[in-house]
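Per my numbering, residue 2 is the first one in the sequence shown, and the count goes up by one each step.
Everything labelled a hint here was simulated from the structure, so no lab data went into it.
Every residue gets a Cβ at the ideal spot worked out from N, C-alpha and C, and that includes glycine.
Any given hint could turn out to be false.
Below, in silico cross-link-like pairs of lysine-lysine (DSS-like), each with a Cα-Cα straight-line distance of 27 Å or less [claimed, not checked]:
1) K89 to K27
2) K226 to K142
3) K142 to K206
4) K70 to K27
5) K206 to K145
6) K206 to K89
Derived DEER-like restraints, expressed as beta-carbon distance ranges [said to hold, decoys possible]:
7) T238 to G18: 42 to 52 Å
8) S144 to N123: 16 to 26 Å
9) G112 to R148: 48 to 58 Å
10) N81 to T121: 11 to 21 Å
11) R11 to Q46: 52 to 62 Å
12) S144 to G256: 26 to 36 Å
13) H122 to S53: 43 to 53 Å
14) T172 to S49: 34 to 44 Å
15) N81 to S271: 39 to 49 Å
16) N141 to P60: 22 to 32 Å
17) G112 to S57: 34 to 44 Å
18) T201 to R227: 13 to 23 Å
19) S57 to E267: 27 to 37 Å
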Amino acid sequence: MQRVTYVNSRGESLVFGNSPPFILNKIEGVDGPPGDMLSTKSPYQDGSSFDSIRLSERPIIITGYIIPKTMQEMYQQRRNILRILNPKLGLGRLVYSNDAQSYAIGAVIEGSPTFQERFTHNQSFVLNFICPDPYFTDENKTSKVLRFESGGMTFPLRLPTTFAYSAYRGTFTNSGDVETPVEIHYRGPALNPIITNETTGEFIKVNYDLSENDVLVINTAFGQKRVEVMNSDGSRTNVFHWIDLDSTFFQLNIGQNILRYNSDREGDRSVATVTVYWYNRYIGG
Numbered sequence: 002m003q004r005v006t007y008v009n010s011r012g013e014s015l016v017f018g019n020s021p022p023f024i025l026n027k028i029e030g031v032d033g034p035p036g037d038m039l040s041t042k043s044p045y046q047d048g049s050s051f052d053s054i055r056l057s058e059r060p061i062i063i064t065g066y067i068i069p070k071t072m073q074e075m076y077q078q079r080r081n082i083l084r085i086l087n088p089k090l091g092l093g094r095l096v097y098s099n100d101a102q103s104y105a106i107g108a109v110i111e112g113s114p115t116f117q118e119r120f121t122h123n124q125s126f127v128l129n130f131i132c133p134d135p136y137f138t139d140e141n142k143t144s145k146v147l148r149f150e151s152g153g154m155t156f157p158l159r160l161p162t163t164f165a166y167s168a169y170r171g172t173f174t175n176s177g178d179v180e181t182p183v184e185i186h187y188r189g190p191a192l193n194p195i196i197t198n199e200t201t202g203e204f205i206k207v208n209y210d211l212s213e214n215d216v217l218v219i220n221t222a223f224g225q226k227r228v229e230v231m232n233s234d235g236s237r238t239n240v241f242h243w244i245d246l247d248s249t250f251f252q253l254n255i256g257q258n259i260l261r262y263n264s265d266r267e268g269d270r271s272v273a274t275v276t277v278y279w280y281n282r283y284i285g286g
């Protein structure tokens with residue numbers, strides 16, 4: 002069974018499935034998005050040299066029917082579609098569900114809904130969406146806490162032998178099709194807090210003294226990059242200009258990533274807590 006739910010920027014929603022009043026007939030555009038090959042060509046070269054593929058915006062087309070009980074309800078539901086899918090409301094959230102999984106994507110109606118043939122008081126419609134970011138994501142965000150752990154391990158040797166350990170790192174798995182940005186919440190205390198992706202060698206370091214009641218928030222998403230501190234009184238301080246110049250707004254590679262946190266002040270690591278949030282991203286659903 003397939004179902005589509007659209008939620009506009011005001012929180013109003015429409016559901017297209019196998020139950021009235023909105024019956025989903027067909028959905029197109031949930032497979033791979035269109036893309037353009039980027040290549041270089043040298044003089045006298047046969048063909049070209051492949052550089053990369055740049056994915057384009059994703060079009061999604063939905064066709065279906067309004068199945069009302071009365072003619073008056075049909076016109077009322079037409080108005081609901083037009084009102085909730087108003088393109089002037091900007092980007093909304095489209096959730097596509099099938100028998101295996103649900104996927105979400107930012108979408109806006111392109112133009113306006115089109116109403117076509119009518120059978121008695123059943124009305125057919127076509128909805129043309131455009132998705133600026135072509136990647137589907139999980140419907141819900143994934144989160145994992147990275148905190149200090151210490152203890153010991155005992156091995157069954159001739160004499161009980163214990164090895165002490167301490168860890169400020171954890172494994173974070175990106176199970177999507179492409180790398181994905183992260184949002185990091187680093188709760189202090191920490192002096193010049195740093196988060197390192199040991200898998201890639203990249204790090205983000207902020208030259209700031211976090212108190213135990215402060216939370217450093219780092220977002221590495223394209224077009225949404227930010228570094229700010231949520232203070233104990235609820236206010237926010239922009240600390241973007243305090244980033245170490247060698248920092249990189251890293252993303253999670255496909256598969257396993259080992260992340261580690263640290264502070265320039267001894268003792269901070271054992272009480273600080275770091276939470277990492279991300280969406281797995283998919284080429285199609």
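Now the hints, each set against the structure:
1. K89 to K27: Cα-Cα ~25 Å, so holds.
2. K226 to K142: Distance of about 18 Å is within 27 Å: holds.
3. K142 to K206: It holds: about 24 Å lies between the C-alpha atoms, which stays within 27 Å.
4. K70 to K27: Answer holds: K70 to K27 is near 22 Å, not above 27 Å.
5. K206 to K145: Between K206 and K145 the Cα gap is close to 20 Å, so the pair holds against 27 Å.
6. K206 to K89: violated (39 Å)
7. T238 to G18: 42 to 52 Å: holds (45 Å)
8. S144 to N123: 16 to 26 Å: Cβ of S144 to Cβ of N123: about 44 Å, so the range 16 to 26 Å is violated.
9. G112 to R148: 48 to 58 Å: With Cβ atoms ~50 Å apart, the hint holds.
10. N81 to T121: 11 to 21 Å: The hint (11 to 21 Å, Cβ to Cβ) holds, given that N81 and T121 are roughly 20 Å apart.
11. R11 to Q46: 52 to 62 Å: holds (54 Å)
12. S144 to G256: 26 to 36 Å: violated (18 Å)
13. H122 to S53: 43 to 53 Å: holds (51 Å)
14. T172 to S49: 34 to 44 Å: Given about 40 Å between the Cβ atoms, the range holds.
15. N81 to S271: 39 to 49 Å: violated (55 Å)
16. N141 to P60: 22 to 32 Å: holds (25 Å)
17. G112 to S57: 34 to 44 Å: At 18 Å between Cβs, range violated.
18. T201 to R227: 13 to 23 Å: holds (21 Å)
19. S57 to E267: 27 to 37 Å: At 51 Å between Cβs, range violated.
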